[in-house]
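> The sequence shown begins at 1 in our numbering and counts up one residue at a time.
These are computed hints drawn from the structure, not numbers from a lab. Cβ atoms here follow ideal geometry from the backbone N, Cα and C, with glycine treated the same way. Worth double-checking, as some hints may not be accurate.
DEER-style ranges, computed between Cβ atoms [said to hold, decoys possible]:
(1) 238 - 97: 29 to 35 Å
(2) 207 - 136: 17 to 23 Å
(3) 97 - 153: 32 to 38 Å
(4) 255 - 153: 58 to 64 Å
(5) 153 - 214: 16 to 22 Å
(6) 190 - 154: 37 to 43 Å
(7) 157 - 214: 17 to 23 Å
Straight-line distance between alpha carbons at most 25 Å, and here's what the computed DMTMM-like set of lysine to aspartate or glutamate pairs gives [claimed, not checked]:
(8) 96 - 106
(9) 100 - 90
(10) 118 - 90
(11) 266 - 251
(12) 261 - 249
(13) 119 - 249
(14) 119 - 106
(15) 118 - 106
(16) 119 - 30
(17) 123 - 30
(18) 253 - 116
(19) 269 - 249
(20) 261 - 251
(21) 123 - 90
(22) 101 - 90
(23) 101 - 257
(24) 156 - 30
(25) 100 - 116
(26) 96 - 108
(27) 269 - 257
(28) 123 - 249
(29) 191 - 249
(30) 245 - 90
(31) 119 - 108
(32) 191 - 257
(33) 118 - 108
(34) 254 - 106
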Amino acid sequence: MKKYRKILAMLAVLAIVLVLSGCSNTPITDKSTGFWDGLIILNFSRAIIWLSNLFGHSYGLGIIVFTLIIRVIILPLMIFQTRNMVAMQEVQPQMKALQKKYSSRDMETQQKLQAEMKKLYAKHGVHPMASMLPMLVQLPILIALYQAIWRTQVLKSGSFLWLQLGSKDPYYVLPILAALFTFASSWLAMKSQPEQNGMTTSMTYLMPVIILITAINVPSALSLYWVISNAFQVGQTLLLQNPFKINREREAKKQAERDRKRTLEKARKRAIRNHKR
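Please build the complete structure, drawing on both the sequences and the hints.
Below is the structure:
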């Protein structure tokens, strides 16, 4: 049942992405109407233009600053999601032990498994579906930011550094940076996991390739957004899901458990010797 709930949740997220990203591709203007175009995308576009004017009429800086503002606003959601995900990773070995113990597929055994897993989740303060809520909230925001850049003509008409924001990066610097930051973020997150699987490893290497190919073929305004957003993600991962810190703490716990067992074993042997005397 849990597996089906996860699948349904992922399908719901995908449906939201498809609906919002496919609403319209017409340019955003002051005459845009509707909840999505007239209220969300238009105001995102206005905010970026206002920030651009604030920073010397630089649309590139406007895109950078607004992207950072949005990432900071949704940071509390990401903190909640990351903490729950890290906690879920820590209980994975115990979950696998329970699944092995209650491996029979009959109804009674599966009910016992579900009951034990609920106790395990409650003990560690995690919920398998808790990470879905932040995703449902942040995806529309990130899609709105993407579309505000994509569909606002003036944002693609300016220049920034060596870039014409409405044209592709001629030197492929932004696509390469976007791919590198995507890889760095995924690699750091993967290294924090106690157990790694083939799917996680494949996505770690596949996503940067997809980002690279896509960024090469879109206006540099969008590539700039991806670079800043993915660079922020790297910093966020280091702050919230630092694999070096997590692995040190994990190893310290394992060492403490080994020391505890060693102490108990020595105490048991000492008790046996004293008893023989």
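> Hint by hint, say whether it matches the structure.
A quick look at each hint next to the structure:
no., hint, verdict
1, 238 - 97: 29 to 35 Å, "holds (31 Å)"
2, 207 - 136: 17 to 23 Å, "holds (21 Å)"
3, 97 - 153: 32 to 38 Å, "violated (58 Å)"
4, 255 - 153: 58 to 64 Å, "holds (60 Å)"
5, 153 - 214: 16 to 22 Å, "holds (21 Å)"
6, 190 - 154: 37 to 43 Å, "holds (40 Å)"
7, 157 - 214: 17 to 23 Å, "holds (22 Å)"
8, 96 - 106, "holds (18 Å)"
9, 100 - 90, "holds (17 Å)"
10, 118 - 90, "holds (15 Å)"
11, 266 - 251, "holds (22 Å)"
12, 261 - 249, "holds (18 Å)"
13, 119 - 249, "holds (24 Å)"
14, 119 - 106, "holds (20 Å)"
15, 118 - 106, "holds (19 Å)"
16, 119 - 30, "violated (54 Å)"
17, 123 - 30, "violated (53 Å)"
18, 253 - 116, "holds (23 Å)"
19, 269 - 249, "violated (30 Å)"
20, 261 - 251, "holds (15 Å)"
21, 123 - 90, "holds (12 Å)"
22, 101 - 90, "holds (19 Å)"
23, 101 - 257, "holds (22 Å)"
24, 156 - 30, "holds (17 Å)"
25, 100 - 116, "holds (12 Å)"
26, 96 - 108, "holds (18 Å)"
27, 269 - 257, "holds (18 Å)"
28, 123 - 249, "holds (19 Å)"
29, 191 - 249, "holds (14 Å)"
30, 245 - 90, "holds (14 Å)"
31, 119 - 108, "holds (17 Å)"
32, 191 - 257, "holds (22 Å)"
33, 118 - 108, "holds (16 Å)"
34, 254 - 106, "violated (35 Å)"
In summary, the numbered hints that this structure violates are 3, 16, 17, 19, 34.
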